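Trainee: Start from the sequences, fold in the hints, and give me the full structure.
Protein chains in written order, with my numbering: chain G, 34 to 323; chain C, 34 to 323.
A hint or two may mislead.
Treat identical chains as interchangeable: a pair holds within one or across any two.
[Said to hold, decoys possible] Straight line, CA to CA, 25 Å or less: simulated DMTMM-like cross-link-like pairs of lysine to aspartate or glutamate:
1. Lys101 - Asp295
2. Lys101 - Glu78
3. Lys101 - Glu83
4. Lys101 - Glu200
Hints in this document: simulated from the structure, not taken from any laboratory. The model shown is predicted, which means the values in this text are computed figures rather than measured ones.
There are 2 protein chains.
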Amino acid sequence: MATDFTEANAADAVVDSFADTPDPRLRTIMSSLVRHLHAFVRDVEPTLPEWEQAIDFLTAVGQKCDDKRQEFILFSDALGVSMLVETINARGAAETTASTVLGPFHVVESPPRELGDSIDLLGGEPCVVTGRVRSVDGTPLPGARLDIWQASDRGFYDVQQPDVQPEGNLRGLFTADADGAFWFRTVVPSYYPIPTDGPVGQLLTATNRHPYRPAHIHFIVSADGHVPVTTHVFVADSPYIDSDAVFAVKRSLIREFRVVDDEDEASAYGVPAPFRLATVEFVLERREQG
Amino acid sequence: MATDFTEANAADAVVDSFADTPDPRLRTIMSSLVRHLHAFVRDVEPTLPEWEQAIDFLTAVGQKCDDKRQEFILFSDALGVSMLVETINARGAAETTASTVLGPFHVVESPPRELGDSIDLLGGEPCVVTGRVRSVDGTPLPGARLDIWQASDRGFYDVQQPDVQPEGNLRGLFTADADGAFWFRTVVPSYYPIPTDGPVGQLLTATNRHPYRPAHIHFIVSADGHVPVTTHVFVADSPYIDSDAVFAVKRSLIREFRVVDDEDEASAYGVPAPFRLATVEFVLERREQG
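Mentor: Set out below in C-alpha cells:
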C-alpha cells in the first residue's frame with residue numbers, strides 16, 4: 034500500500050489491502066465493491082455534510098430492522114437491486130416462467146388445501162384462478178406444488194391485520210392434478226404500499242416516488258426434477274402496473290382478471306355470477322443432472 | 034417505467050423512477066448511486082445467499098451504532114471512502130498542508146493551554162513538538178489556533194480509559210505566537226487498532242487485514258481569513274506506516290520524531306535528555322472572498 038493517498042490511487046490502495054483475502058470469491062466481491070463505490074464517490078463528489086447524511090441514512094435503515102421488519106431489504110427493493118439479483122439468478126430457457134422477488138410476507142406456512150378450495154376465508158367478491166404447470170418441452174407436471182399467498186381486496190396480508198383476518202387467510206398450498214392442472218377460489222387482491230414509516234419511506238417522499246405495488250398473487254411453483262420458480266401473477270388493470278415501487282413487474286406475468294357474467298360457467302366453479310376469472314400457465318425448466 | 038424488468042433495462046428503469054425528485058442534487062446522487070450499484074451487482078452476479086449475507090452485514094453495521102460508536106463511519110473508513118471524500122473536499126493549492134479524516138475521538142473539548150505546556154498529564158517519556166503556521170505566500174499567521182489530540186504511548190485516547198487517564202489528557206488548544214510559531218510537550222503516541230468487536234472487525238479478519246493505525250497526532254489548524262485544515266502528523270518510524278487501516282497516511286504528513294540526547298537543547302525545552310523532537314509547518318490557504 035502506498036504511503037500517499039490521492040484521488041488517483043485511492044481505489045487501487047484499498048483493493049490492494051484485500052489482496053490477502055483467503056476466499057477468492059470474497060476478494061472478488063470486495064475488490065469490485067471498492068471500485069464501484071469509489072467511482073460513485075468520484076462521480077458525485079459528496080460534500081462532508083452529504084457524506085454525513087448518507088452515514089445517518091444507512092444507520093437509520095439498519096436500526097429500523099427487527100425480527101419483523103427488514104428495512105435494508107426494502108432499500109434493496111426500492112433501488113431495484115433485489116429484482117436485479119433475482120433476475121440474474123433465474124437466467125434460464127427464455128420460455129420458462131419469469132421469476133420475481135419473494136417479498137417480505139411469506140412468513141406464515143401456507144395451509145394445505147384441495148384443488149378448488151377458496152383461500153378467501155372472509156367471503157369477498159369471488160375470483161377463480163385456473164391453470165396448469167408444465168415442463169419446457171410441454172410435458173404436464175402432475176403433482177406439481179403451488180405455494181400461494183396474496184393481499185386482501187383492501188391491500189393487507191393476514192399477518193398485517195391479525196385482528197381482522199384469520200391466520201392463513203389468502204394463503205394455500207395446492208397440489209396439481211394428474212394433468213398438472215390446478216384451480217382455486219380467492220378474491221382479487223388490491224394494490225398496496227410498501228412500509229413508509231422508516232427511512233426508505235422518507236427517501237420515497239423526498240424523491241416524489243409513490244410507495245405502491247400493483248395488485249398481484251404470489252406463487253412458488255415446484256415439481257420433481259425441475260427448478261422451482263418464485264414469481265407473481267399481476268392483475269392487468271391494477272393501478273401502478275407501470276410503476277411498481279419494487280420493479281417486480283414483467284410483462285409475461287400480467288394476466289387479465291376478466292369479469293364473467295355467465296351462470297353456467299359460475300356454477301361450474303361453484304361461485305355466484307358475476308365473478309372474475311384468470312388463467313395462468315407455469316413453465317418450469319428441467320433441473321440439470323449433477 | 035417499463036412494465037418489463039430485464040437485466041438490460043433495470044438501471045434505466047430505477048433511474049427513471051427518480052426523475053421527479055424536486056431537489057436536483059438529490060436526483061443526481063440517487064441516479065449515480067443506482068448506476069454504480071447496479072454495475073457492481075452485474076459485475077459480481079451475487080447468488081441469493083450472497084445477497085442475503087450482504088443484507089445481514091449492513092444490518093449488523095447499523096445495529097452496532099449507538100451514541101458512542103459509529104460502525105458505518107468505520108466501514109466507510111475501512112473502505113477508504115472517508116479519506117476519498119475528505120481529499121475531494123480539500124482540493125486546494127498543492128502547497129497547503131494535506132488533510133486527513135477527523136476520526137472518532139474528537140469527542141471532548143480540548144482544554145486551552147499555554148505554548149510550551151505539556152498535554153501529557155501522566156509524565157511519560159518526553160517529546161517536544163515545535164512548528165509554525167503560515168499562509169501559502171509565506172506570511173506567518175500570528176494567533177493561529179491549533180486543536181491537538183492524540184493517543185497515549187499505549188495506544189489509547191483518554192475517553193477510552195476513563196479509569197486510567199484524566200479527561201483532557203493528551204488534548205490541548207494552543208494559540209500560536211506573534212510569529213505564527215507554537216510548541217508543546219507530550220509523549221510519542223503509539224499505533225493502535227480501530228474497534229474490532231463489530232461487523233467491520235469481522236470483515237477485516239475474514240480478509241486478512243490488520244486493524245492498526247500508525248502512530249499520529251491529530252491537528253485542526255485555523256487562522257483568520259484562511260481555510261482551516263483537519264490533519265494528522267504521522268510518526269515516521271511507526272509500525273503500519275505503510276498500511277494504515279483507514280488509508281489516512283499522506284507522505285507529506287510524516288515527520289521524524291528524532292531522539293535528541295543533548296542537555297542544552299533539553300533544558301531549553303525544560304525536559305530531561307534524551308527526548309524526542311518533531312518539527313512541523315502548517316500551510317493554510319487564504320479564504321476566497323465571498
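Trainee: Now look at each hint and say whether the structure bears it out.
Mentor: Do the hints match the structure? See the list:
In this assembly of identical chains, Lys101 and Asp295 lie within 25 Å of each other by CA distance neither inside one copy nor across copies; the values are 44 Å within and 68 Å between. For a Cα distance limit of 25 Å, the shortest separation of Lys101 from Glu78 qualifies neither inside one copy, at 36 Å, nor across copies, at 28 Å. For the identical chains of this complex, Lys101 and Glu83 are inter-copy neighbours only, at 21 Å across copies versus 30 Å inside a copy, given an alpha-carbon limit of 25 Å. For a Cα distance limit of 25 Å, the shortest separation of Lys101 from Glu200 inside one copy, 16 Å, qualifies, whereas the shortest one across copies, 42 Å, does not.
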